[in-house]
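In order, the protein sequence lines correspond to chains A and B.
Take the first sequence: its letters are residues 20 to 258, numbered as in my numbering.
Take the second sequence: its letters are residues 163 to 520, numbered as in my numbering.
It is worth saying that the hints were derived from the structure and are not from the lab.
Small disclaimer: the values here were computed from a predicted structure and weren't measured.
For each residue, glycine too, the CB sits at the ideal point set by N, CA and C.
A hint or two may mislead.
Sample of chain A residues at the chain B side, in silico, Cβ under 7 Å [to be verified]: (1) 145; (2) 147; (3) 154; (4) 158; (5) 159; (6) 161; (7) 162; (8) 221.
Listed next, the stretches of chain B that the computed footprint assigns to chain A, with coverage defined by at least 3 CB atoms under 8 Å from CB atoms of chain A [stated by the list, open to error]: (9) 237 to 248; (10) 263 to 270.
Below 27 Å or equal to it, Euclidean Cα-Cα: the simulated DSS-like pairs (lysine-lysine) are [unchecked claim]: (11) B:389 with A:160; (12) B:223 with A:160; (13) B:266 with A:160; (14) B:234 with B:223; (15) B:318 with B:280; (16) B:376 with B:389; (17) B:266 with B:367; (18) B:389 with B:318; (19) B:266 with B:318; (20) B:169 with A:160; (21) B:269 with A:160; (22) A:160 with B:318; (23) B:280 with B:316; (24) A:160 with B:316; (25) A:160 with B:234; (26) B:272 with A:160; (27) B:418 with B:511.
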Amino acid sequence: MDLIIKGFKEAAKILLSLDSQVVEITKLTLKISGSATLVALLIGIPLGLFLALYRFPGRRLVASLINTGMGLPPVVVGLFLALLFWRSGPLGFLEIMYTPFAMVAAQVVIALPLVTGFTMAAVGALDPDIILQARALGASKAQALLVVLREARLGTLAAAMAGFGGIISEIGAVLMVGGNIKNQTRVLTTAIVLETRMGRFEAAIALSIILMTLSFTVNYLLTTIQQRGSNNWPRRYLR
Amino acid sequence: MAAPLLKVENLKQIYSGSTILDIDSFELNSGEPTVIFGPNGSGKSTLLRLLALLERPSAGKIFYGESEVGPKNSLFFSREVALLLQRPIFFSSSVRENIIFGLKARKVEKSRIEEGLKEVALLFKLESLLSKRPHELSGGQAQRVNLARAFILKPKLLLLDEPFSALDAAIREELISSLKRAITKTSQTTLFVTHHREEAALLAKRMVVMLDGKIVQDGGVDEVFTKPAGLEVAKLIGIETILHGRIEERLGELAKVIVDGGSFIVDVSGAPGNEVTLFIRPEDVFIAKERVSSSIRNWFEGEIVEVNSLGRLFLLTLNSGFHLKAMVTGLAREELGLDVGAKVWAGVKSSSIHAVKE
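Starting from the given sequences, assemble the full structure and let the hints guide the process.
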């Protein structure tokens, strides 16, 4: 118990002193997971919209692959990307192994199925005539698609939350393709593992607190936006 | 002469090999309240979606004014038109945002949006509902919002696809009168689709009857109601008595027509021996206890075999050798004792019988 209490006290000191190492790691974590989430949203939302709106041969197979991808083990993603990015691998010429690029790529692969799957489900649950209604009032095709996304915003924001939450806390993939190199590819999760292994529990606790605070803050902001548009459920029917 | 507001030529819509719509030509002028009337599945809604440029036709041309609509100008012309759907869908924002949606899509400046909103809120009595969410509205309120979001656009043509069909009679009547008021006040050109005879009669001057994707009659509302183009149209507009007969002899302008179980004096051309169909509206049949001396030339004595209540009115079936349907008020029914088994006289004017040569 003493160890835990002491750990938290020391962690508070580290946090309050704004340790430069910790700040650096936090900034890199945000940069990598933020960029990966953004890329996943930019690809995943249009892809989810397309899969929900259009019928084509093989659509079910693609949708099943995406749903399977939503539960992809990060360590497996890390392994396959490591094989791809390895010097002698098919993408070795890019020379991005053990760089933040490789880490972003790995996190995109993890977040993309989540974003696509959530968007597809949210759009699929809408009334299909919503496009007709928007067009009937003079919306262009692009404006009608924006209406669809706006109406499905609860789902697309859930997609963003699931994507960001899934990658900021994962370790397997970033460790395998990033390598946990100090000042280059060390992020919060890999740093926590390292500090714990070295017995520096106070540093590990401090980093964990930052990780949880970051995750909570981002999710709180997204939840606030999401709830603004949600219906007030009439509780009288449940009394 | 100015070009009509809207013109279509050889318009066809084919879904999976079956022809849903096949219209040779149709024109609509500004300020001409028109109703498209037909049973479910006759292609009315498909026609409206094509006219609103929400679907591409399988064949044919659509003109707005002088211009033929094509892929390049379809967004422009689709914004000259507003379509009210049979089942309106509201976006999950406030009533206010729903109403101004179309103007925002057209990137209209804010001050004009506010002005338009004020006008339609007043016109459809929506001032107190603007901050509500659509799911908080009653059926009638929702339809008023639906009307407002079309009227705010001030379209050159307003297309209405049976917007009141799912509502109960009282709300429907209220909405029809509020729509009629709005049409008069704004001089809005409308094309209203319905399968309700009363709505057609109330809202339009011109009536286009559709059956199986084709226009089968196009004329004034009175003309369609009194002179249906054929058996199917007659049934559609509620003509209950349809009799097949043969001209026996000419009586000047009129002719004596023999039907199975009786004869009529009707206003029809044709030579003796020609086959004709007679259409008699139930409200054109006069019922009395005794034969009345009047200008009515067709009188039949018969027995009431069926009485059906239509609310405030009653539909009687009279057996006079053939079946003749007559409409009476509740008061008349009570005073004359018009019940099953009662013996009565029925009179029909020659001019009230629409006769079509077969």
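Comparing the hints with the structure gives:
{"no.": "1", "hint": "145", "verdict": "violated, 9 Å"}
{"no.": "2", "hint": "147", "verdict": "violated, 10 Å"}
{"no.": "3", "hint": "154", "verdict": "holds, 5 Å"}
{"no.": "4", "hint": "158", "verdict": "holds, 5 Å"}
{"no.": "5", "hint": "159", "verdict": "holds, 6 Å"}
{"no.": "6", "hint": "161", "verdict": "violated, 10 Å"}
{"no.": "7", "hint": "162", "verdict": "holds, 5 Å"}
{"no.": "8", "hint": "221", "verdict": "violated, 48 Å"}
{"no.": "9", "hint": "237 to 248", "verdict": "holds (count 7)"}
{"no.": "10", "hint": "263 to 270", "verdict": "holds (count 4)"}
{"no.": "11", "hint": "B:389 with A:160", "verdict": "violated, 44 Å"}
{"no.": "12", "hint": "B:223 with A:160", "verdict": "holds, 22 Å"}
{"no.": "13", "hint": "B:266 with A:160", "verdict": "holds, 14 Å"}
{"no.": "14", "hint": "B:234 with B:223", "verdict": "holds, 14 Å"}
{"no.": "15", "hint": "B:318 with B:280", "verdict": "holds, 20 Å"}
{"no.": "16", "hint": "B:376 with B:389", "verdict": "holds, 18 Å"}
{"no.": "17", "hint": "B:266 with B:367", "verdict": "violated, 33 Å"}
{"no.": "18", "hint": "B:389 with B:318", "verdict": "violated, 31 Å"}
{"no.": "19", "hint": "B:266 with B:318", "verdict": "holds, 18 Å"}
{"no.": "20", "hint": "B:169 with A:160", "verdict": "holds, 25 Å"}
{"no.": "21", "hint": "B:269 with A:160", "verdict": "holds, 15 Å"}
{"no.": "22", "hint": "A:160 with B:318", "verdict": "holds, 21 Å"}
{"no.": "23", "hint": "B:280 with B:316", "verdict": "holds, 14 Å"}
{"no.": "24", "hint": "A:160 with B:316", "verdict": "holds, 21 Å"}
{"no.": "25", "hint": "A:160 with B:234", "verdict": "holds, 13 Å"}
{"no.": "26", "hint": "B:272 with A:160", "verdict": "holds, 23 Å"}
{"no.": "27", "hint": "B:418 with B:511", "verdict": "holds, 13 Å"}
Violated hints for the displayed structure, listed by number in ascending order: 1, 2, 6, 8, 11, 17, 18.
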